[in-house]
Amino acid sequence: MNKRIFLLVFLTIFLIHTGAFILIRDHSLMIDENYHYRQIVRFLSGDFRPDPLLSMIPGYHAILAAGARILHVSRFQDIRLIGFLINVLTIPIFYLTAREIDRQNALVKTLHYSFFPLIFPYFSLIYTDIFSLLFILLSLFTLYKKHYLASGIIASVSILARQNNIVWLIFLFLFIYIKKFGWHISRTNLIIHLSRTYTFVLGPLLLCEFLILNGAMTIGDRQLMYLNLLNQSNIFIIIFLFPFLFLPLLLSYGHDMVKLLWKYRVYIILLVPVFFIYYKLFTNTHLYNQAPFFLHNALILYFTGDTLRKLIFFSVLVMAVLFLLVVKLKEKAGYLLYPITAIFLIPIWFMEWRYYITSFVLFLLFRETRGWKVEYGLFLYFLIFSFYFYSGIFRFIFFL
Numbered sequence: 001m002n003k004r005i006f007l008l009v010f011l012t013i014f015l016i017h018t019g020a021f022i023l024i025r026d027h028s029l030m031i032d033e034n035y036h037y038r039q040i041v042r043f044l045s046g047d048f049r050p051d052p053l054l055s056m057i058p059g060y061h062a063i064l065a066a067g068a069r070i071l072h073v074s075r076f077q078d079i080r081l082i083g084f085l086i087n088v089l090t091i092p093i094f095y096l097t098a099r100e101i102d103r104q105n106a107l108v109k110t111l112h113y114s115f116f117p118l119i120f121p122y123f124s125l126i127y128t129d130i131f132s133l134l135f136i137l138l139s140l141f142t143l144y145k146k147h148y149l150a151s152g153i154i155a156s157v158s159i160l161a162r163q164n165n166i167v168w169l170i171f172l173f174l175f176i177y178i179k180k181f182g183w184h185i186s187r188t189n190l191i192i193h194l195s196r197t198y199t200f201v202l203g204p205l206l207l208c209e210f211l212i213l214n215g216a217m218t219i220g221d222r223q224l225m226y227l228n229l230l231n232q233s234n235i236f237i238i239i240f241l242f243p244f245l246f247l248p249l250l251l252s253y254g255h256d257m258v259k260l261l262w263k264y265r266v267y268i269i270l271l272v273p274v275f276f277i278y279y280k281l282f283t284n285t286h287l288y289n290q291a292p293f294f295l296h297n298a299l300i301l302y303f304t305g306d307t308l309r310k311l312i313f314f315s316v317l318v319m320a321v322l323f324l325l326v327v328k329l330k331e332k333a334g335y336l337l338y339p340i341t342a343i344f345l346i347p348i349w350f351m352e353w354r355y356y357i358t359s360f361v362l363f364l365l366f367r368e369t370r371g372w373k374v375e376y377g378l379f380l381y382f383l384i385f386s387f388y389f390y391s392g393i394f395r396f397i398f399f400l
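If you use UniProt numbering, the sequence shown corresponds to residues 1 to 400, in order.
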């Protein structure tokens, strides 16, 4: 690749992100930023009690408080700057990881990541999501470099950012095995695998210690992580979002989707019982999902409003599943992403698009690319969506 093009692309990415940060830096704290900033200020003042309205282990807050203490700052604008500098580190780490998976298309995939609509607005805000993703990307990168012990340590540390990162630790642990041995399980393979990946056990041990000390999976607000098997709306919503977030890619697979549907047309009748199961599980009962100011709430409020809307939503789900079935991934182990995402979302009653970020980012990394028109068309599509979301958040018209 031409070095000038490479430098120009990265310079453009960082200039746009820097501009977005400068615009929003002095904006008043928004939504969960208030709780995160309050926890950081507590740490700065020597009060190490967790905030009662936060559910995660405050590793993110401890890191930002440490940075603020070193720099002798405490204003939320300065905390945002520290968070922003940490968040943008994920961009080169994503690029390096993408190079290990698909060297030829790493740059365009980095453009996709840098301006992915559900991520872009959070780069400049005091939110834990990109910080949490940083550890997953680092663990995956070291995995590809075959530094499996380091990968396990990093994945284990990620639990200090988000407790449910334990699910992604399991994904990475299984990913290493399948990448090396495929789907064949044998005693010899397991022994070899465990001898190379034993540091991954640190994560479960850390989580067990936390559960013993805390008595629950979450610290403060325990309504976010609550097992409600009769509400699996998060799984339906993440599938539903795929066609809209990846529309140019979906259109490029249109012919393949029609062929697949025609090939299995005799099974279409099975969609009837599936619809009734979906109808029962697709509900909106969480207290936090009732305010339409949030786009994720507006979506669920609208489509759970009546049977016709649920039927329309279901039709999009069918299209989305066809799309995911025809999209090829670069790694056979990458197909673990789908069941692991389901396992990750099953316990979460509260519906929130931010919980899908890791799944979408891994999809960006693992999927096979199409022609340059599709890939750069997807980039422009992401860019427009990102600016729209950023503008709405900046003007406080809505929030994601």
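One or more hints might be untrue.
[As the list claims (entries may be wrong)] Pair ranges (Cβ atoms, derived):
#1 Lys-280 with Lys-332: 29 to 35 angstroms
#2 Asp-256 with Ile-384: 22 to 28 angstroms
#3 Val-201 with Lys-179: 17 to 23 angstroms
#4 Leu-281 with Asp-26: 20 to 26 angstroms
#5 Ile-269 with Ile-22: 52 to 58 angstroms
[Said to hold, decoys possible] With a Cα cut of at most 20 angstroms, we get these calculated PhoX-like pairs of lysine-lysine:
#6 Lys-330 with Lys-145
#7 Lys-328 with Lys-373
#8 Lys-263 with Lys-180
#9 Lys-146 with Lys-330
#10 Lys-180 with Lys-146
Quick caveat, the hints were computed from the structure, so don't treat them as lab data. Virtual Cβ for every residue (Gly too), placed ideally from N, Cα, C.
Consistency of the hints with the structure:
no., hint, verdict
1, Lys-280 with Lys-332: 29 to 35 angstroms, "holds, 34 angstroms"
2, Asp-256 with Ile-384: 22 to 28 angstroms, "holds, 26 angstroms"
3, Val-201 with Lys-179: 17 to 23 angstroms, "holds, 19 angstroms"
4, Leu-281 with Asp-26: 20 to 26 angstroms, "violated, 43 angstroms"
5, Ile-269 with Ile-22: 52 to 58 angstroms, "holds, 56 angstroms"
6, Lys-330 with Lys-145, "holds, 17 angstroms"
7, Lys-328 with Lys-373, "holds, 18 angstroms"
8, Lys-263 with Lys-180, "violated, 33 angstroms"
9, Lys-146 with Lys-330, "holds, 18 angstroms"
10, Lys-180 with Lys-146, "holds, 11 angstroms"
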